[in-house]
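Visitor: What follows is the residue order along each chain.
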Amino acid sequence: MKSPKWLKRFFARLFGYATSRAQEQRLQEEIAEHIALQTADNISAGLSAAEARRQANLKFGAVEAMKEDYRSQRSLQPFENLLRDLRFALRMLRKSPGFTIVAVATLAMAIGANAVVFSVLNALILHPLHIPQAETFYGIQHGNDALSYQSYPDYLDLRDRNRTFDDIAAYDAALVGLDTGENPSRAWIFLASGNYFDVLRLQPFLGRFFHASDEHGPNSAPYIVLSYAYWRIIFKAIEASSAASFRSTNIPSPSSASRHPASTAPWYSSIPVSSCPS
Amino acid sequence: MKQKTDVPQGTLALMVLKTLDVLGPLHGYGIARRIEQISGDLLAVNQGTLYPVLLKLEQEGVIASEWGASENNRRARFYRLTREGRKQLQVETQDWQQTAAMIERFFAAKAEDLS
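Residue numbers (the working numbering), protein chains in the order written: chain A, 1 to 278; chain B, 279 to 393.
Hints in this document: simulated from the structure, not taken from any laboratory.
Heads up, a few of these hints could be off.
Below 30 Å or equal to it, Euclidean Cα-Cα: the simulated DSS-like pairs (lysine-lysine) are [unchecked claim]: (1) A:K95 - B:K296; (2) A:K8 - B:K365; (3) A:K67 - A:K8; (4) B:K334 - A:K8; (5) B:K365 - A:K5; (6) A:K59 - B:K388; (7) B:K388 - A:K67; (8) A:K67 - A:K5; (9) B:K365 - B:K388; (10) B:K334 - B:K296; (11) B:K365 - B:K296; (12) A:K8 - B:K388; (13) A:K5 - B:K334; (14) B:K296 - A:K5; (15) A:K67 - B:K296.
Make the full structure from the sequences, and use the hints.
Guide: Structure follows, in structure tokens:
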């Protein structure tokens, strides 16, 4: 267990910082003793008491310069200076509260703005959607309102007259009750048009997705697709679960799980999306 | 009278170790006096400079110190070599002798030896 010398010195210095007063005392005593011994030797060599002391001091050299050197060896001088500077800074901040408030507010706003910009960058550029060619996907808005909804008939019109995009899918979020037989729970779901997964070019992890061909107008057979995360939580990834039927808003349906680890919301769809709010 | 020379950097520590090795536990003044005596007064140890060196050596663990009574019965700090210090002294003595021997050979070499 041989620790390197510099590490040993570092800990000794840390200790030296904590015990600086006792160490100062020790140095003081050592110097006094040194000069006393030298003086005694000088006296026995035949010098007068005053001259002996003078010679002893001369021989010892500049005491204060040596003490400075000693102190800088003893403890972590930069660390001590930093602490002193911090204390001074805090004192000055307390002395001028106006400046402090302005400075803190400026910093807070700058940091906040940076955090917002970064979180947007993070979502859009660093962690884009887990779909192939995510950069070719666009959301369609009405007017300048980012949260605007299209009505379902509008969607049908857009889809049928679309010459700009390969295809257009519709979805809406809704809160429903999900029941696997024992644990009824509330869950956020997406109601989606039949072509939803084809537009996103996604493949299911298990089972099958619904397609546009599954739509037969209002009240056609409903399908439900679970997100990967939700499937893991509820069914603990047991394969047999794909056969389990469960009830959702009174509609029993065969299930399939999609691999969408980023989302914990189950995908759910009744086809067609007859309940789209306008 | 010869001019007294300053102690070269780093050698003071080695001298301290050797002094403690030969004489056993010693206080600061004793160490300073011995170094002066052995060097035949050739070295002017600005005696105060010894103490930072002692502190550094103690922090490195090659010497240790404790309070004791000096000749005139006053409290004095006595320094002694630790086991690690003895080892380091051995290593540094070897290094020093190698260096000295090498320099000596260079000084002894004549032009015809090199051709």
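Visitor: Sort out whether K8 of chain A lies within 30 Å of K334 of chain B, counting only the CA atoms.
Guide: holds (11 Å)
Visitor: Given the hinted pair K8 of chain A and K388 of chain B, is their alpha-carbon gap at most 30 Å?
Guide: Roughly 47 Å separates the two Cα atoms, so the pair is violated.
Visitor: For a C-alpha distance cap of 30 Å, please report whether K334 of chain B and K296 of chain B respect it.
Guide: holds (16 Å)
Visitor: Holds or violated: are the alpha carbons of K8 of chain A and K365 of chain B at most 30 Å from each other?
Guide: holds (17 Å)
Visitor: Would you mind confirming whether the straight-line C-alpha gap from K59 of chain A to K388 of chain B stays at or under 30 Å?
Guide: violated (43 Å)
Visitor: Between K365 of chain B and K5 of chain A, does the CA-CA distance stay at or below 30 Å?
Guide: holds (14 Å)
Visitor: Hint check: K365 of chain B vs K388 of chain B, CA-CA at most 30 Å. Holds or violated?
Guide: Answer violated: K365 of chain B to K388 of chain B is near 37 Å, above 30 Å.
Visitor: Please verify whether K67 of chain A and K5 of chain A have alpha carbons no more than 30 Å apart.
Guide: Holds - the C-alpha atoms of K5 of chain A and K67 of chain A are around 23 Å apart, at most 30 Å.
Visitor: Taken at face value, is the distance from the CA of K8 of chain A to the CA of K67 of chain A at most 30 Å?
Guide: holds (22 Å)
Visitor: Taking only the CA atoms, is the gap from K296 of chain B to K5 of chain A under or equal to 30 Å?
Guide: holds (19 Å)
Visitor: Going straight from one Cα to the other, do K5 of chain A and K334 of chain B come out at no more than 30 Å?
Guide: Answer holds: K5 of chain A to K334 of chain B is near 10 Å, not above 30 Å.
Visitor: Keeping to a limit of 30 Å between CA atoms, is the pair of K365 of chain B and K296 of chain B held or broken?
Guide: Given that 30 Å is the threshold and the Cα spacing comes to 11 Å, the pair holds.
Violated hints for the displayed structure, listed by number in ascending order: 1, 6, 7, 9, 12.
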